[in-house]
Structure formats: C-alpha cells, structure tokens
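There are 2 protein chains.
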Amino acid sequence: MVKRQRPSNRYVILTLTALMTGLFFFVLPFVAQAGVFNAQKFTLKNGLEVVVIPNHRAPVVTHMLWYRVGAADELPGLSGMAHYFEHLMFKGTKKLEPGEFSRTVKKLGGNDNAFTGQDYTAYFQSISVEHLGRMMKMEADRMQNLNPPEADFISEKKVVLEERRQRTENDPRGLFTEQMRSSLFVNHPYAIPTIGWMDEIKTYEWEDVKSFYETWYAPNNAVLIVSGDITAKELKPLAQKTYGKIKAKKLPERMRPKVASAIGETKMTLEHKAIHQPYFQRLYLAPASSKFKEDALALYVLEEIVSGGPTARLYKNLVVEQKKAVSVGMSYSGDSLDYGTIWFSATPATGVSVENLEHLVDQEIVKVIKDGVTEDEVKDAIQRLQDQAIYARDSLAGPAMIFGHALTTGSTIDDIENWPEDIARVTAEQVQEVTQKYLSPYNPWIRPPVTGYVFPLDGEEEKKK
Amino acid sequence: MVKRQRPSNRYVILTLTALMTGLFFFVLPFVAQAGVFNAQKFTLKNGLEVVVIPNHRAPVVTHMLWYRVGAADELPGLSGMAHYFEHLMFKGTKKLEPGEFSRTVKKLGGNDNAFTGQDYTAYFQSISVEHLGRMMKMEADRMQNLNPPEADFISEKKVVLEERRQRTENDPRGLFTEQMRSSLFVNHPYAIPTIGWMDEIKTYEWEDVKSFYETWYAPNNAVLIVSGDITAKELKPLAQKTYGKIKAKKLPERMRPKVASAIGETKMTLEHKAIHQPYFQRLYLAPASSKFKEDALALYVLEEIVSGGPTARLYKNLVVEQKKAVSVGMSYSGDSLDYGTIWFSATPATGVSVENLEHLVDQEIVKVIKDGVTEDEVKDAIQRLQDQAIYARDSLAGPAMIFGHALTTGSTIDDIENWPEDIARVTAEQVQEVTQKYLSPYNPWIRPPVTGYVFPLDGEEEKKK
Numbered sequence: 000m001v002k003r004q005r006p007s008n009r010y011v012i013l014t015l016t017a018l019m020t021g022l023f024f025f026v027l028p029f030v031a032q033a034g035v036f037n038a039q040k041f042t043l044k045n046g047l048e049v050v051v052i053p054n055h056r057a058p059v060v061t062h063m064l065w066y067r068v069g070a071a072d073e074l075p076g077l078s079g080m081a082h083y084f085e086h087l088m089f090k091g092t093k094k095l096e097p098g099e100f101s102r103t104v105k106k107l108g109g110n111d112n113a114f115t116g117q118d119y120t121a122y123f124q125s126i127s128v129e130h131l132g133r134m135m136k137m138e139a140d141r142m143q144n145l146n147p148p149e150a151d152f153i154s155e156k157k158v159v160l161e162e163r164r165q166r167t168e169n170d171p172r173g174l175f176t177e178q179m180r181s182s183l184f185v186n187h188p189y190a191i192p193t194i195g196w197m198d199e200i201k202t203y204e205w206e207d208v209k210s211f212y213e214t215w216y217a218p219n220n221a222v223l224i225v226s227g228d229i230t231a232k233e234l235k236p237l238a239q240k241t242y243g244k245i246k247a248k249k250l251p252e253r254m255r256p257k258v259a260s261a262i263g264e265t266k267m268t269l270e271h272k273a274i275h276q277p278y279f280q281r282l283y284l285a286p287a288s289s290k291f292k293e294d295a296l297a298l299y300v301l302e303e304i305v306s307g308g309p310t311a312r313l314y315k316n317l318v319v320e321q322k323k324a325v326s327v328g329m330s331y332s333g334d335s336l337d338y339g340t341i342w343f344s345a346t347p348a349t350g351v352s353v354e355n356l357e358h359l360v361d362q363e364i365v366k367v368i369k370d371g372v373t374e375d376e377v378k379d380a381i382q383r384l385q386d387q388a389i390y391a392r393d394s395l396a397g398p399a400m401i402f403g404h405a406l407t408t409g410s411t412i413d414d415i416e417n418w419p420e421d422i423a424r425v426t427a428e429q430v431q432e433v434t435q436k437y438l439s440p441y442n443p444w445i446r447p448p449v450t451g452y453v454f455p456l457d458g459e460e461e462k463k464k
Numbered sequence: 000m001v002k003r004q005r006p007s008n009r010y011v012i013l014t015l016t017a018l019m020t021g022l023f024f025f026v027l028p029f030v031a032q033a034g035v036f037n038a039q040k041f042t043l044k045n046g047l048e049v050v051v052i053p054n055h056r057a058p059v060v061t062h063m064l065w066y067r068v069g070a071a072d073e074l075p076g077l078s079g080m081a082h083y084f085e086h087l088m089f090k091g092t093k094k095l096e097p098g099e100f101s102r103t104v105k106k107l108g109g110n111d112n113a114f115t116g117q118d119y120t121a122y123f124q125s126i127s128v129e130h131l132g133r134m135m136k137m138e139a140d141r142m143q144n145l146n147p148p149e150a151d152f153i154s155e156k157k158v159v160l161e162e163r164r165q166r167t168e169n170d171p172r173g174l175f176t177e178q179m180r181s182s183l184f185v186n187h188p189y190a191i192p193t194i195g196w197m198d199e200i201k202t203y204e205w206e207d208v209k210s211f212y213e214t215w216y217a218p219n220n221a222v223l224i225v226s227g228d229i230t231a232k233e234l235k236p237l238a239q240k241t242y243g244k245i246k247a248k249k250l251p252e253r254m255r256p257k258v259a260s261a262i263g264e265t266k267m268t269l270e271h272k273a274i275h276q277p278y279f280q281r282l283y284l285a286p287a288s289s290k291f292k293e294d295a296l297a298l299y300v301l302e303e304i305v306s307g308g309p310t311a312r313l314y315k316n317l318v319v320e321q322k323k324a325v326s327v328g329m330s331y332s333g334d335s336l337d338y339g340t341i342w343f344s345a346t347p348a349t350g351v352s353v354e355n356l357e358h359l360v361d362q363e364i365v366k367v368i369k370d371g372v373t374e375d376e377v378k379d380a381i382q383r384l385q386d387q388a389i390y391a392r393d394s395l396a397g398p399a400m401i402f403g404h405a406l407t408t409g410s411t412i413d414d415i416e417n418w419p420e421d422i423a424r425v426t427a428e429q430v431q432e433v434t435q436k437y438l439s440p441y442n443p444w445i446r447p448p449v450t451g452y453v454f455p456l457d458g459e460e461e462k463k464k
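Chains as they are written, first to last, in our numbering: chain W, 0 to 464; chain Y, 0 to 464.
No wet-lab data here; the hints were simulated from the structure.
Careful, some of the hints might be misleading.
Heads up, the list lumps identical chains together, so a pair's fine if it works in one copy or across two of them.
[To be verified] Only pairs whose alpha carbons sit at most 35 Å apart, straight line, appear in this in silico DSBU-like list of lysine-lysine:
| # | residue 1 | residue 2 |
| --- | --- | --- |
| 1 | K249 | K157 |
| 2 | K249 | K156 |
| 3 | K292 | K369 |
| 4 | K156 | K323 |
| 5 | K240 | K436 |
| 6 | K436 | K246 |
| 7 | K157 | K290 |
| 8 | K93 | K240 |
| 9 | K105 | K323 |
| 10 | K136 | K369 |
| 11 | K323 | K157 |
| 12 | K244 | K93 |
| 13 | K266 | K246 |
| 14 | K240 | K105 |
| 15 | K266 | K322 |
| 16 | K369 | K249 |
| 17 | K157 | K248 |
| 18 | K248 | K209 |
| 19 | K257 | K235 |
| 20 | K366 | K157 |
| 21 | K378 | K44 |
| 22 | K378 | K315 |
| 23 | K249 | K323 |
| 24 | K272 | K369 |
| 25 | K235 | K201 |
| 26 | K201 | K249 |
| 27 | K201 | K292 |
| 28 | K323 | K266 |
| 29 | K436 | K272 |
No experiment lies behind these values; they were computed from the predicted model shown.
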C-alpha cells in the first residue's frame, strides 16, 4: 500500500515490511464489537453506497470516499496508475486551483489524506462537523470535474518516480520483498507493486490518465464512509445534494486472473552491502477473508498463538528460551479482494545460521500441524483479539478505515459488526486444519511458498562487482 | 510454442525442453544465403503483407498465413486463447463444415498444419501448385467467415485441456520449466504458457472467443508467405482475388509491458518421483534479435562455441575430458518480439553433485568473460552457422517458416537475406562483450537468471506426501 500524507507533502509508504512488523494498523483483523459501531447504511440512486458510523463524543467527523479501483486494476504496462492518479486528484478541478483542496481543509482546521492499495483508492478528511457539507461538495466535485494543468501531469510523474526511488529503489529489503511478492503471485496483478515499476511510470500518457479517470471514478464505484457526530438521517440530504447529482457509469469488469498453481519450491537470495544482519522471510499464498471466512478467522487465531506478542510460541521458544533468534514473527493478512498472504520472518542470534533458524521455524509449524494447539491457547488468543476491538473505537478514522477497507475487499458490514462472535467460534481443530491446509510443506495450497534469504555482502564479494 | 499436427489429430507440443535439446528447428538462427532465397515482397491495399520465395524444383508450394497475434496478446484471465482459437479455425465457416478444411487438403494430396507461439499464430498447407488458389480461397474464407457450431466451441475446450493435461500437467519437467519462465518474465506476458493455465481455459465464454477473432484476425494483421513453384507476379492476382477482398480493421496496440528489473537471485527446486536423474537448468533473460541485432548475432556465435556439438567447450570439457556431466548445453533463442532467452542445462555424471556441476558450468562462463574466445573458435563457429543455411533451402516449408517467424517477431526480409554477411561480422571481442553483458553473475541484464534444480524424490520423502 502506498500512503500519501497531506498537506505536509511527505509521502509515507507503508510497505510489506511495515506490514510484517505489525506497524500497519490496517492489517488488524476487522475489530469491532457487535452493535457497538451500529453502522447505518443506505445507497443513493446513482449507486453510491453510504455508511454512517455515529459517534457523538465531539462535533467532528471523518469523511472518507473509497473507490473500488486499485493497483490490481491497472492495464498492462501502466503499473502505478491508480496511485499516480491519487496524486493528480489534488491538482485541481474546474472550480479549484491545484492544491486548493488541501489548503481549504487546513484553513478550516482539518486535515486530509489519501492512499492507494491493490484493491482500492481512498480519500479522507477529518474536520469539524459544520464543514462536512463543504467536504462532500469538494469531494463530489473532483469525482467528476478533475482538471489538472498539463504541467502538473508531468511534474507529478517526477514526484512519484522520486517517491519510488527513495522508498523502494534505494532500499534493497523493500526491493527484495517486492520481488518475493512478484514470484508468488504468478499470473495475478498482486505481483505488481502498488507504486508501479519505474520504467512504466515514465511512460504514462495524458490519454491513459484520462481514460483511467473516466473508467473508474464514478458514484456507483465508490463507498462513502462518514464516522463521527452525524446520523444517517442527517447525512442523507447532504449526500443527495452533492454526490447524488453525479451520473452512474457503466463499469468494466475487474480483471483478476487466478494465481497459477505450481509444483516447485522457490528460494530467492539477496546479498547486499546495505545489509548488516542476515535474515530470512517466507511468503505463503493464503485465503482472502471475504472468500474463505472461516479459514481466515482460524488463521487470525493461529497468528495470535504463534506470533501475538512475547508469550506467543515463536518468540517464546526461539528468542527467549532457545536464544536462536533475535526476532521472529508470522503475519496473516486476509483483507484483500482475491488472495491473502502469510509472512514469516526471522533474524538469527549471533552464531546461528539462517538455515538453522529456518529449520527451527519449520519445526514450530510442523508442531502445530502434527500436535495442534491447546484449548487454552485458542481461548487466550480469541480474548486478545476481541480486546483489540476496544482500540478500534478510540478514533473516528479507525472505524472508517475498517469499514472502507472491508467494503472494498469483498467483506460486509455484518462481517465487521459480528466479528467478536465470529472469532469466538474458532476451535483448536480449525487452527490445526488451516495450518495443515495453508502451511504444509507437502501439499501447498495452489503453489508452494517463496522463501527469501538476505545476507550482508562481504568486502571480497563486493570488489568483484 | 504449441504446435498442432493435422489431420492425424495428434497434437504435438514442442516445449522449451525440446527447444533446449535443439530438436526444434524454428530456433535455428535465421539461416539464409544472400540472394539465395530471393524473396519478393508486396503489400495488398488492405494491408496484407505478401512474401514469395520462388523455388521451381517441383510443382508444389507451401502456403502459410501468419497472424501477428499470439499467446502474449491475450487478455488477463484468458490465457491460452490464441492457441485455443487456432483449434477453432478448423471448425468450419459459413461455407465449410467443421473439419472440411483439412479433409479437402488431404483429398487434394496435401497436408495442413497450424501452430501458436507467444507472438504469432500460423496456418499452412503444402500442396500441388495447381491447388494454391483453392487454398488461398479457403484460408481467406476462414479469416472472415468463421462459424464454428456451439458444440465444437465446448468440445474443443476439452480437447485443449486434455492436451495440456497430457503434455504438461503430467510432466513435472515441463511444469517446472514453465514455472521457471514464469519466475523470469515478471510483469511480461511471456510468463504465461502458450497453451494457457488449466483454470483459465475452462472459463472461456463464447463472447471472449468472438471478440478475440474480431479483434485480431484481419488482413492488415497478417503476413502471407508462399514458398515454391510460383512468382510474385503470378501470385498477386490470386491474392487480390481472395485475401484482397477482405476489409482492413483498426487494430489495438499490442500491450507488452517491460520485464521488471530485480536484484535477488532466484532458485527453484523440484523433487519428484518421476525424476530419476538429477539435473539443473538456468534461464537468463536475453535480447530479442529484432531489438539488439548485433548482440544477438554475437550470442549465436557464443552458443555455437560453447554448445554447438561435440567439439564445443561445454561438451568437450565437462563430458569428454573431465567426465563430470552426461549432458550439458546452452541455447540462445532471440527470435521473439520482446525478449529472448538463454538456457543452460546439465545432468551430472554418476557420483557428481548437481552443485558441483553447476559450479563447473559457471567456471566455463567466467572463462569466456575473463579470457574471451579465440579467433579460430569464432571463425569455425561462423562457418558452421553459415553452413547450416544450406539445410534451410532444402524444403519449401523451411524458408516459409523462417520468413514468417522473422516478420512476425520484428525482423525484416533483409535480416534474413543478409544473415551470412551479418554473422560473418562478429568478432571475438563482441562474443566476450555479450557474455559479460548477459551472463555476468554480478551485473545481470535487467534481472538475474532463474536456476532450477530437479531431484528424484526418495521413498522416505514420498511417504510424507
């Protein structure tokens, strides 16, 4: 996911590395308590879905517009277009100058932001509720009247290229992780990084950009989420007056071919002088929670048991007790339209080889496959996951993020509202079963994982380069 | 490339394995002697390019129609469509019953055939010259009037699925080679096998098939090659009367994104009970001869020096002298529209490990990079390559294949006619340079190679499965 921070002009990329280390709050499983969000939903005649999450603690709102288009919907050769286009959306309309959108939000005491993922592009403002109408008017304006000057079309390409250069090209770990994804997602657009490939970003033509906008930016391809001091009844007339005036479009089918099955194991190795500590990571194909809900729930419990903090199996066994690793973790992410992923990563302690540590991590997986997990582990994990729901209610943006994310990746409002009951259903048997199904070294799901080994490049080797 | 044998109904797939072992005569470098083919060219008003290769030894002709559409032009999710469509082309028109095309050719004493590659689809008949007009009429008919019954649309899917099952799914070597290609061609459709993925072949709809035909089958997207007892002057009126009556179409751009660059090495491992002898193969990204002609010429000379028969370096050093390998070879293929490939493969002698043999093969590459090749080696290689041109003139189909292949992958008639002079220009320095450029372990071209290791699966391991 490529995240764009405004108005500071500091672009923040949340890479898979961040995702793996749990810094990335979007990958929290859908955290909610039944009836707590009490989200209300209605749909305008032009197809715009609207979700209201009332929260009357303060007279403020978060207004988010999510489009059901992301990096995985780009045409071949135009990778990064969804993210680049997100940048352009700040470059003015027939009514607003370039940059005026964000300046207005700031002047009114709010802040705005936008980000692009594989399946969606989202724009949001957090602001005093009295200005909500204006936000909706401006957001509806750029849904249909975008009009960036040609100079910005060109200069923004440079901005994005520089963004990729700084955050990915100059970071061998990031590049390597990107390549591991590419090797796993054979025949599927998740193989392509959200920010796009350097070579392709350069080639965008104005016609490509216009066609992207005309194809995908439409009320019937969007979800509006308003979280805060407002009710559906109050919001509806505002929505009708702004977004309601925009015509629906005939949308193309989202072309998402299936990941190709495979039989051979893939291992990748990187030696680089910028690496000081060897480590390995492994990437498994996993189910999307919208398609395999029960499996996804069990995988979230597995993740918690294996990797949910200092008492979880991997950390406790390999870092604390055996002292073979300085860090080790597993991360399941199921909140995508087509496929999820499971990442393992581990850095060996001094004197321990990467191969040795990999073997120990494998043994931990095999232990779950063979012996399962205990009822107590499952109970504790479920409790911790439910507790996390409390934090999700602690902001306006948090719940809006959760709903927007879920509704653009195939999940429903009920999936979120019922999450605590749903996760409580998971049994120890299910945890064992999903481990067998998705992490078995012998019968991989669809295709075997990709394992990556990263090593420092020693002086001798380097000289040869 | 997927080749289709008619009328025996025995579908012959020439996989990359065949390609590597040199069985596949298409991958011969363009073999020709200046002025020997004396090919004549004209273009009809509707854009159909026509090449005539006169050869009056017998009153026969090979009539080939090449379309500039292949597997790499398929829409996401519809892999294999070009090849599947090639099957459908035998299923009747408004005038001909399904199968009548081939039956007619056979009745007239000829034979017909068709095949699909990444960049083209080609149809041909070899037949007595008196029937050429009829062939052209029938071929022009199915360019515009294809009308297969719905039953054949469905049954042919089963035929293609069975074809894939027999030739690829049941052959772990084939599957593994397919996966190696997929891992190399990240972000490019050459990652997708020509025959298509099982899951996707099943999903074709009648609308997809019709749209493929309507989009790509047009006179201005085809090259007609007639080789044999005819001249351009004689052919032109026939061509005008048949193909000349078909309207040109507005053709879409061929979407060919660039292969993504990468920094980490990729190694793949397959253990399978159907494997009895371990081996390794390595796949490098290489230049297409149409884009980097001088480099391609030098790579053909390198291939000859390193792998051109029993006296070439790899075989002589590793099989005959050191007795470390039972087979070893290198193969460069540059005759594609976008990228070529270089394959190495080697099977160790008894008692030699795959790793050991890989190291020895690497040493042979490093030797060329460091010490170059001798003038004598270059001279002999050029001579042998020129000699091979003689064989190319030995048939009618051969030259037609060479021209059709070249003209649909970005090369020109001159590239073929001047091949002997062109290859004679290659110097020892150029051979060393291209080895450094494309086979260096330290500065790979665009992305590092993919290495695959294939091992027998022993009984113990197998039980676990």
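- Message: Within, between, both or neither: how does the pair K201, K292 come out at a Cα-Cα threshold of 35 Å?
- Response: between (40 Å within a copy, 26 Å between copies)
- 35 Å Cα threshold - placement of K157 relative to K366: Answer is neither: 50 Å inside a copy and 42 Å across each miss the 35 Å cutoff.
- Go through the copies and call it for K378 and K44: within, between, both or neither, with a Cα cutoff of 35 Å. Result: close neither inside a copy nor across copies, 45 Å intra and 77 Å inter.
- Task: With 35 Å as the alpha-carbon cut-off, assign the pair K136 and K369 to within, between, both or neither.
- Result: Neither: 58 Å inside a chain and 67 Å across chains, both beyond 35 Å.
- Given identical chains, is K369 near K249, meaning Cα to Cα at most 35 Å, within a copy, between copies, both, or neither? neither (51 Å within a copy, 61 Å between copies)
- Item | K157 and K290: within-copy, between-copy, both or neither at 35 Å Cα | between (38 Å within a copy, 28 Å between copies)
- Message: As a check of your reading, is K323 near K266 (CA-CA no more than 35 Å) within one copy, between copies, both or neither?
- Response: both (22 Å within a copy, 26 Å between copies)
- Message: Checking an output row: K436 and K272, CA cutoff 35 Å. Within, between, both or neither?
- Response: between (38 Å within a copy, 22 Å between copies)
- Query: Within a copy, between copies, both or neither: where do K436 and K246 come within 35 Å Cα-Cα?
  - Reply: neither (46 Å within a copy, 55 Å between copies)
- Query: How do K249 and K156 come out at 35 Å by Cα distance, when the copy is not named: within, between, both, or neither?
  - Reply: both (29 Å within a copy, 31 Å between copies)
- Homomeric proximity label, K235 with K201: Cα distance no greater than 35 Å: neither (42 Å within a copy, 45 Å between copies)
- Quick one: K249 to K323, C-alpha cut-off 35 Å, is that within a copy, between copies, both, or neither? Neither: 57 Å inside a chain and 64 Å across chains, both beyond 35 Å.
Hint compliance for this structure: hints 4, 5, 6, 9, 10, 11, 13, 16, 19, 20, 21, 23 and 25 are not met, and every other hint is.
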